[in-house]
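Protein sequences, first through last, are from chains A and B.
Our numbering numbers the first residue of the first sequence as 191 and each following residue consecutively.
Our numbering numbers the first residue of the second sequence as 191 and each following residue consecutively.
Misleading hints may appear alongside valid ones.
All copies of an identical chain are treated as equivalent in the list; a pair is satisfied when it fits inside any one copy or across any two copies.
As the list claims (entries may be wrong) - Pairs of lysine-lysine, DSBU-like flavour, derived with a Cα cap of 35 Å:
1) 506 / 418
2) 238 / 524
3) 506 / 811
4) 614 / 341
5) 820 / 760
6) 301 / 272
7) 524 / 209
8) 524 / 301
9) 829 / 506
10) 751 / 829
11) 397 / 407
12) 584 / 341
13) 238 / 523
14) 193 / 421
15) 817 / 506
16) 272 / 238
It is worth saying that the hints were derived from the structure and are not from the lab.
There are 2 protein chains.
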Amino acid sequence: MEKFFYPESTAVVGVSEFKDNLGRNIISNLVNFGYEGKIHAVGPRGGKVMGHTVYPSVLDLPDIPELAVILTPARFIPEVLKQCGEKGTRYAVIESAGFREMGDGGEKVEKELLAVTRQFGIRFTGPNCVGLVNALNGLYVPFVALPSGYKKGHTSVMAQSGGIGFSLAERLNHPGLGLSKFVSMGNKLNIDEVDYLSYLMRDPDTKVIYFYLEDFKRGRDFANIALKGSKPIILHKSNTTALSHTIANSHTAALAGDDRIVDAACEHTSIVRVQSLEEAIRAIKGFSLPYLYGINLAILSRSGGHAVIATDVCAKYGFNLPELDSSILNEAKKHFRAGVIKLGNPLDLGDIYDLHVYSKIVEKTLQQPDIHGIIYIHVSHMMVEQENSIEVMKKLAELSARYKKPIAVVLEVPESLRQILEEKMTYPYFLEPAEAIEALALQYRYANHQEKKLSAGIRDTISLKNGVNTWLRTIEQEGHQPLLHQALSLLDRVGIRTAPWRMVTSFSEAEKAAEKIGYPVALKVVAPFLSHKSDQGGIVLNIENAEALQRQWKQIHSCFKSIIGIVLQKMIFASREMIIGAKRDPAFGPVVLAGMGGIMVELLQDVGMRLAPVDEDEANKMIEGLKGTKLLGPFRGMKTAHRNVIVRYVVEVSRLIHDFPKIQELDINPIIISDDGHDIVAVDVRVIVGSS
Amino acid sequence: MEKFFYPESTAVVGVSEFKDNLGRNIISNLVNFGYEGKIHAVGPRGGKVMGHTVYPSVLDLPDIPELAVILTPARFIPEVLKQCGEKGTRYAVIESAGFREMGDGGEKVEKELLAVTRQFGIRFTGPNCVGLVNALNGLYVPFVALPSGYKKGHTSVMAQSGGIGFSLAERLNHPGLGLSKFVSMGNKLNIDEVDYLSYLMRDPDTKVIYFYLEDFKRGRDFANIALKGSKPIILHKSNTTALSHTIANSHTAALAGDDRIVDAACEHTSIVRVQSLEEAIRAIKGFSLPYLYGINLAILSRSGGHAVIATDVCAKYGFNLPELDSSILNEAKKHFRAGVIKLGNPLDLGDIYDLHVYSKIVEKTLQQPDIHGIIYIHVSHMMVEQENSIEVMKKLAELSARYKKPIAVVLEVPESLRQILEEKMTYPYFLEPAEAIEALALQYRYANHQEKKLSAGIRDTISLKNGVNTWLRTIEQEGHQPLLHQALSLLDRVGIRTAPWRMVTSFSEAEKAAEKIGYPVALKVVAPFLSHKSDQGGIVLNIENAEALQRQWKQIHSCFKSIIGIVLQKMIFASREMIIGAKRDPAFGPVVLAGMGGIMVELLQDVGMRLAPVDEDEANKMIEGLKGTKLLGPFRGMKTAHRNVIVRYVVEVSRLIHDFPKIQELDINPIIISDDGHDIVAVDVRVIVGSS
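Generate the whole structure from the sequences, applying the supplied hints.
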């Protein structure tokens with residue numbers, strides 16, 4: 191991928207002298223923003239553009255361009271690429287639109303294009319994009335004539351929409367931020383989000399990675415790279431409402447819309463998910479400060495009101511405000527003019543008019559070992575303070591770097607002063623306390639996750655292959671989806687306890703089984719045509735004795751004809767239910783989910799989700815994250831549920847879906863937890879298998 | 191209050207020639223920003239400041255100032271005010287700090303100050319504030335030397351923190367916005383939030399009202415004015431975490447933290463509650479557009495990505511995107527250059543390079559009757575489009591005004607172009623789609639609420655005074671809090687059904703009562719020392735027959751000595767529970783709350799709250815807003831609960847707490863709903879009475 195961003199020569203194909211020719215804009219961008227390589231122009235009409243000869247074809251160029259930027263009508267592109275291939279060019283940016291996004295005709299051209307690129311081994315970005323930028327070497331190939339180059343920096347912006355990419359790049363023009371690489375990904379026909387991400391993870395000039403995506407081609411691989419890498423990734427995944435997934439068959443699967451899987455992947459990998467450009471910039475600002483390694487903050491403010499608001503927001507994000515050492519408070523007191531302000535944390539500096547004192551107080555605060563970071567609210571409405579303000583800002587940069595603790599600076603100053611300060615500052619500032627504290631919360635969560643990742647061992651991935659493989663072979667031979675007794679037996683194989691059950695085919699068998707298991711029992715008809723039993727009949731609950739059993743047995747056989755057998759199962763009575771399920775997502779692969787059953791899942795969609803497999807730690811976090819997690823504690827006279835059993839079940843299910851690609855979906859619903867917390871058994875389960 | 195903002199002459203007390211004298215700053219602000227009245231300077235050292243003679247005392251002034259701005263040390267203020275009073279001045283802004291917020295000494299001065307102002311009938315803002323501004327006539331009396339005056343406009347800013355007030359006023363420097371009045375309210379010793387609000391409701395130059403409050407002095411009155419008025423109010427109430435309320439005794443009261451009452455008041459009155467300056471500005475922008483009178487929007491965008499994000503956000507806020515008329519789509523198609531974009535709503539204008547076409551499409555869209563507003567996303571990265579962009583912006587203003595529908599314009603342009611457009615624009619713009627759509631959602635909600643208010647009749651406030659007054663007299667005579675049987679009888683009086691019960695004092699009475707009511711029954715000990723029964727024993731449930739009744743009767747009498755009697759109550763079994771409660775807030779007065787009982791309230795604090803009294807409509811909204819509201823529908827085999835009964839109970843409870851100031855708290859928990867939905871009965875209730 192290196193060549194896409196650092197080509198020694200670049201040819202622009204589709205250039206003419208016409209005033210509104212878009213290829214011309216590319217040439218002018220390259221010239222204006224000081225591209226360090228050679229520039230070639232290509233176009234059938236010839237002529238000269240900004241001093242560059244327009245050659246009729248790539249084949250006519252005096253040397254071999256490393257990168258070709260193509261902006262001709264779609265139908266000509268296969269031919270242009272052929273010429274590129276013959277010339278020896280191996281990298282292309284295809285900006286033209288008119289491919290699959292337009293339907294039939296476009297798809298044909300797309301096929302030709304893919305054939306040519308395969309033949310010559312050409313890799314390309316796009317099509318249907320505005321191009322890419324490397325702010326560091328002046329490689330600007332978007333077809334719009336940009337008014338100015340972007341500020342150089344360490345954030346790379348990968349966007350499946352040129353408009354969003356520009357908007358974000360524009361916003362990086364802020365102290366301490368700036369752009370490294372920018373790609374408008376377009377249709378992702380050849381190079382997709384995973385290729386870009388793996389390159390940026392290696393790129394030494396990229397420290398923060400932003401992605402705007404409207405779909406995932408390879409979500410699983412994306413998540414894996416994020417998990418292994420050590421650079422923060424900010425993701426804006428849009429297009430969340432017009433989901434085009436098939437209607438899921440099983441209950442838990444239906445609850446899990448695609449968008450929740452994106453959330454699950456972010457949870458797993460500490461990708462920061464954002465919903466707006468503003469949130470994205472807030473996160474980028476956060477990541478450009480030293481990391482916060484604890485939850486104790488000090489708030490230093492020249493305005494009491496802003497300090498009060500900051501306190502509210504700190505509480506919301508779980509930050510503490512420990513007491514400040516008396517030496518800090520005394521230092522402040524010494525310089526108070528009117529003595530009309532109380533001392534504490536937040537520390538109100540509104541009564542100190544000597545700005546030099548501020549950096550002294552900040553330094554002392556950074557020295558206090560149990561303070562992990564500072565919210566510094568700089569309020570100044572007097573122009574006389576301008577010079578001093580600049581000096582304070584400089585000093586804060588030094589101190590934050592020296593003590594390796596973040597100082598999130600809030601500037602509450604008139605626009606004119608803000609502009610002056612902005613020019614002199616070398617690190618980001620925030621526009622109000624809420625923004626600063628949210629930014630710290632984001633990077634704290636990330637830093638925390640990274641630390642845990644380092645300390646965690648390698649995941650245990652042994653699973654009970656043999657038993658499950660035998661089971662899968664049987665199902666395949668029978669040629670239909672697993673029936674209830676088969677699904678229950680799968681759970682028994684992997685150590686998930688089921689409510690005692692027997693498959694019976696005659697009344698005498700049933701009578702014996704009921705005797706053994708103990709009344710009351712339930713009868714559940716097993717037949718391939720009954721897919722979701724409770725909706726279609728075929729279930730009788732609460733059979734108290736042999737007489738009732740016989741009555742129901744007859745009743746069932748008069749209603750249902752070609753049945754395979756009946757599952758007779760012990761009735762279990764308890765008030766707590768859970769569900770554990772798994773499914774396979776087209777982009778993210780296997781996912782596991784768990785939730786409190788009954789009204790919690792029906793009313794509140796109270797389900798946790800993760801990419802599978804999960805280890806015990808992650809499974810525990812899923813359970814703890816449920817709104818109804820308290821139900822598992824001692825609750826209303828019920829004892830604490832054996833958490834380790836539930837966790838083990840979640841881990842097992844996550845391994846089943848991960849290790850056995852033939853399992854498409856699995857839905858255990860309900861799992862019943864006895865009031866004493868000891869017995870945790872699955873009562874019903876559905877499994878869907880398919881080709882892997 | 192008029193005189194505070196439009197005094198014909200203003201005296202500043204506490205002025206000297208010293209360079210860092212803060213009173214000097216006030217004089218310079220008044221001079222620099224063109225105050226239209228007469229300026230007087232007062233200070234013991236005399237001299238001249240900016241051409242104004244400094245008189246030694248107010249008494250020495252050549253005429254009577256209408257407004258005195260005082261910034262002397264706190265201890266001199268009573269004397270200064272006395273001189274003002276003698277001179278004839280009746281309005282003062284006291285900016286000095288050093289009063290109650292500093293403790294003992296301050297409180298003494300405060301008393302003197304109040305005595306003097308009472309004597310002369312002086313009204314004052316502050317103390318402990320930065321002063322006030324009327325941007326419209328140049329009355330700038332803050333003691334900080336502001337770099338420039340604020341843009342004139344129609345938003346008034348009332349802030350219980352000077353810093354927050356300045357920050358907001360600063361942000362009003364935006365097209366179509368601007369400042370009318372600004373007050374830093376300080377300690378609100380004489381004039382409080384209610385006085386300011388009632389003035390601003392009448393002030394013809396104020397169209398949008400913003401309040402930053404750290405506490406409420408008279409929340410109830412504030413809410414009442416908001417309810418009756420027809421100007422949008424934006425409220426930032428902070429200080430939500432360090433609540434200093436006494437620990438509430440009853441269950442529902444404890445769930446209702448003070449901050450939820452503020453939310454309840456906002457729900458009631460359509461006050462827009464915000465949590466940050468950014469949200470405040472977003473709301474103010476929204477209110478400066480024509481109102482949205484429906485939920486159908488059109489998205490017109492030059493960037494596909496921004497349109498996708500806008501669609502996500504529209505879905506989040508419940509907006510529809512109806513199909514656009516074919517005439518609109520055809521108009522767009524006619525001008526497409528490459529023909530590579532699909533037509534629909536959102537309508538992607540990215541392929542049209544002739545900006546004149548845009549206003550034509552916008553106008554046709556406004557003409558479509560089922561479109562209520564437009565999100566117009568103006569993306570432009572080419573400087574050549576600058577002139578056209580300005581023209582489009584002008585045209586949009588005309589069209590929005592002509593068709594009385596909001597056009598929320600998003601500017602996604604480089605900073606340099608943004609600044610140029612900003613100078614020419616006469617209405618606000620937004621920085622990204624999310625901001626624009628949220629602003630419309632806010633004003634839609636407000637406009638909708640206002641419409642309903644107008645169409646609603648006068649509230650029915652008849653209540654069963656006599657029965658309740660008799661009941662209250664009995665309680666007062668007995669001299670202790672109502673006991674269980676008394677509390678139950680209060681419900682019976684106001685028509686809230688209770689599970690059948692009898693107060694019994696002998697076993698034979700108990701036996702007869704149980705026979706009549708029907709087993710199983712519960713026994714509940716009645717004694718003044720048992721305040722919350724289930725925690726302290728004294729309750730036996732599920733007594734199945736006379737034999738068990740006798741056993742338990744003996745058991746109770748061996749455990750409890752001086753008891754008044756026992757409530758024998760029919761056991762009610764059903765799975766659905768509710769709670770209805772009421773309490774009295776120091777600032778907002780009576781509030782009513784209702785929620786689903788059981789785990790919904792314990793786990794999720796699923797409670798709705800409103801200022802009392804509520805009518806049927808409002809009570810219905812409370813119930814509909816509950817997370818567990820579905821439990822009342824047909825749910826898991828249970829029938830729909832009789833909603834009108836629940837609503838009536840909520841209305842009754844809200845009237846009880848409103849009409850009878852002696853009732854301090856009331857907590858019905860649980861109310862049980864039978865599975866068939868018919869029987870809705872209270873099982874337990876606590877009432878706390880006190881002096882009104």
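query = Checking against the hints above, which ones are violated?
reply = none
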